[in-house]
Amino acid sequence: MATRKTYERPIIKKLESNMPNKFGMRTIYEPVTHIEGNAVKDLIKSYGSPLFVISEKKIRKNYRNARQAFETRYPLVQFAWSYKTNYLDAVCNIFHQEGSWAEVVSGFEYDKAIRNGVEGSKIIFNGPDKSESDLRKAVTNNSLIHIDHLDELYLLQDIARNSGQRPKVAIRVNMDTGVHPMWDRFGFNYENGQAWDALNKILFSGLMDLVGLHTHIGTFMLSPSAYAVAASKLAHLAQSVLTKYNHEIKYIDMGGGFASKNTLKGSYLPGTDISPSIDDFAEAITSALMNSDYRPKNPPLLIIESGRALIDDAAWLLGTVLANKRLSDGRRSTILDVGVNILFTAFWYDHKITPAQSFTSYTEDTALYGPLCMNIDVVRESINMPLLNKDDQVVIHHVGAYNMTQWMQFITLRPKVVLIDEQDKVHVIRNNETMDTITGMEAVPAHLVHFDL
Amino acid sequence: MKVKSNIAVSDNGFVFNPGSGESYTVNPVGLEMLNLLRKGHTHQQIIASIQEQYVAETATIERDLHDFLEMMRQYRLMQHDDE
Numbered sequence: 001m002a003t004r005k006t007y008e009r010p011i012i013k014k015l016e017s018n019m020p021n022k023f024g025m026r027t028i029y030e031p032v033t034h035i036e037g038n039a040v041k042d043l044i045k046s047y048g049s050p051l052f053v054i055s056e057k058k059i060r061k062n063y064r065n066a067r068q069a070f071e072t073r074y075p076l077v078q079f080a081w082s083y084k085t086n087y088l089d090a091v092c093n094i095f096h097q098e099g100s101w102a103e104v105v106s107g108f109e110y111d112k113a114i115r116n117g118v119e120g121s122k123i124i125f126n127g128p129d130k131s132e133s134d135l136r137k138a139v140t141n142n143s144l145i146h147i148d149h150l151d152e153l154y155l156l157q158d159i160a161r162n163s164g165q166r167p168k169v170a171i172r173v174n175m176d177t178g179v180h181p182m183w184d185r186f187g188f189n190y191e192n193g194q195a196w197d198a199l200n201k202i203l204f205s206g207l208m209d210l211v212g213l214h215t216h217i218g219t220f221m222l223s224p225s226a227y228a229v230a231a232s233k234l235a236h237l238a239q240s241v242l243t244k245y246n247h248e249i250k251y252i253d254m255g256g257g258f259a260s261k262n263t264l265k266g267s268y269l270p271g272t273d274i275s276p277s278i279d280d281f282a283e284a285i286t287s288a289l290m291n292s293d294y295r296p297k298n299p300p301l302l303i304i305e306s307g308r309a310l311i312d313d314a315a316w317l318l319g320t321v322l323a324n325k326r327l328s329d330g331r332r333s334t335i336l337d338v339g340v341n342i343l344f345t346a347f348w349y350d351h352k353i354t355p356a357q358s359f360t361s362y363t364e365d366t367a368l369y370g371p372l373c374m375n376i377d378v379v380r381e382s383i384n385m386p387l388l389n390k391d392d393q394v395v396i397h398h399v400g401a402y403n404m405t406q407w408m409q410f411i412t413l414r415p416k417v418v419l420i421d422e423q424d425k426v427h428v429i430r431n432n433e434t435m436d437t438i439t440g441m442e443a444v445p446a447h448l449v450h451f452d453l
Numbered sequence: 001m002k003v004k005s006n007i008a009v010s011d012n013g014f015v016f017n018p019g020s021g022e023s024y025t026v027n028p029v030g031l032e033m034l035n036l037l038r039k040g041h042t043h044q045q046i047i048a049s050i051q052e053q054y055v056a057e058t059a060t061i062e063r064d065l066h067d068f069l070e071m072m073r074q075y076r077l078m079q080h081d082d083e
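Chains as they are written, first to last, in our numbering: chain C, 1 to 453; chain D, 1 to 83.
A portion of the hints provided could be inaccurate.
DSS-like mimics (lysine-lysine), calculated; alpha carbons at most 30 Å apart, straight line [said to hold, decoys possible]:
#, chain 1, residue 1, chain 2, residue 2
1, D, 4, C, 41
2, C, 14, D, 39
3, D, 39, C, 5
4, C, 122, D, 39
5, C, 13, D, 4
6, C, 57, C, 84
7, C, 41, C, 112
8, C, 13, D, 39
9, C, 325, D, 4
10, C, 390, D, 2
11, C, 61, C, 265
12, D, 2, C, 265
Calculated from the structure, these hints are not laboratory results.
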């Protein structure tokens with residue numbers, strides 16, 4: 001009997017010679033069968049599906065590239081790892097080993113950084129929600145407190161007055177950098193004088209050490225020139241402080257928000273083609289600082305809080321095909337075991353998705369759905385995919401930022417996260433949740449324990 | 001339902017409907033199914049024939065054949081038996 005051939009499900013595809021459709025052209029040519037020497041099928045077999053996979057090698061490479069981009073252009077640079085982007089301890093510690101301080105935005109994140117062993121003076125405390133006890137702790141630990149609003153400023157003054165300690169503070173400044181939308185809900189505005197008023201209040205009070213100026217102009221910024229505008233405005237504020245109070249600002253913190261190589265929904269071109277490189281951002285920021293009118297005796301430290309651009313492409317999400325269906329209009333739909341519950345960024349990005357096994361040249365316009373019983377659980381609304389069968393595996397790219405902090409525990413449990421170290425060895429860095437993870441926090445009042453059906 | 005009699009199918013999977021002027025491509029399994037349908041084979045015969053040549057479960061082939069027929073119907077490449 002002749003050898004039987006590999007089966008591929010039958011497709012018939014209409015040839016279109018008119019305008020390109022929303023599914024776009026075929027973009028996937030090779031399967032991703034291995035991630036850093038580990039077979040995708042083995043990873044799923046050992047650790048389950050779905051599975052987050054993070055590369056230590058890639059994180060370190062991204063960090064070193066970014067540091068080099070800034071350090072070759074400016075004499076004093078310090079990175080601070082943005083905990084909210086990915087606060088798995090193992091991930092944070094890779095950045096701390098590389099020399100990153102911690103940038104936190106809540107009491108929870110602050111405690112996590114302390115627990116990881118970060119010195120208090122190397123924690124930058126941002127965010128609008130800092131409780132009195134959070135602030136007391138941060139003051140005692142000599143952390144860098146970035147004041148978001150006047151209520152916080154007055155509270156810190158009270159703490160300083162009552163405790164006799166001198167908080168080390170900066171203010172967060174929001175401003176018009178020429179990009180829309182302008183982020184003006186955090187910090188004090190530059191253009192209307194709020195920021196200058198806040199600085200005067202701090203310096204007049206004499207209760208706090210004004211050590212820095214901070215801004216964070218937006219998220220997934222595609223325009224390096226906006227950072228140049230922001231750096232110039234912060235430098236101008238610093239010079240105003242120097243002129244009026246003879247007080248040197250020790251650091252300028254440019255925040256983060258650098259775009260990664262992901263593709264934003266609605267973008268005509270892929271992120272890999274249009275996102276600026278880290279060198280573009282470094283050039284814009286450092287040139288603006290060097291050319292500014294700020295003339296202190298010692299140049300200020302430049303702090304960068306980049307998160308997404310350093311980790312997005314260092315993580316993958318592996319998943320499995322649950323089923324194929326045909327929608328009412330004839331479109332193919334494929335259901336994956338990965339949904340928006342663990343791939344939150346599917347709301348913002350058209351993630352690159354690659355089969356993990358070989359495929360032919362035939363493709364089909366496909367909608368990729370997650371496993372949730374919600375209409376909004378869409379991983380890709382329209383993608384030109386090779387033909388996938390039930391139980392086939394897929395690799396979702398660039399998932400390192402925000403997914404492991406914004407994921408939801410909706411109708412199912414969150415999966416394992418593994419780290420592939422520099423020797424390609426796999427470590428579980430977050431276990432999958434179990435029923436006990438959820439029910440362990442619940443309590444049923446005695447009168448609700450029993451029922452008859 | 002059967003495949004429209006005027007549909008032209010090339011050996012390498014190019015399908016042309018002279019009635020509408022529209023063209024289509026089919027992959028090798030699709031081509032095999034289409035040719036067997038045009039010869040008037042029953043669904044059971046087609047499934048058996050595909051299974052002889054390819055590594056696949058009967059249920060998988062049956063499900064995919066029905067999906068393929070549905071797409072053929074949507075593209076108006078099928079006609080009623082009495083037409």
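Going down the list of hints, with the structure as the test:
| no. | hint | result |
| --- | --- | --- |
| 1 | 4(D) x 41(C) | violated, 43 Å |
| 2 | 14(C) x 39(D) | holds, 23 Å |
| 3 | 39(D) x 5(C) | holds, 22 Å |
| 4 | 122(C) x 39(D) | violated, 77 Å |
| 5 | 13(C) x 4(D) | holds, 17 Å |
| 6 | 57(C) x 84(C) | holds, 21 Å |
| 7 | 41(C) x 112(C) | violated, 34 Å |
| 8 | 13(C) x 39(D) | holds, 21 Å |
| 9 | 325(C) x 4(D) | holds, 25 Å |
| 10 | 390(C) x 2(D) | holds, 29 Å |
| 11 | 61(C) x 265(C) | holds, 27 Å |
| 12 | 2(D) x 265(C) | violated, 42 Å |
Checked against the numbered hints above, the structure violates hints 1, 4, 7, 12; every other hint is satisfied.
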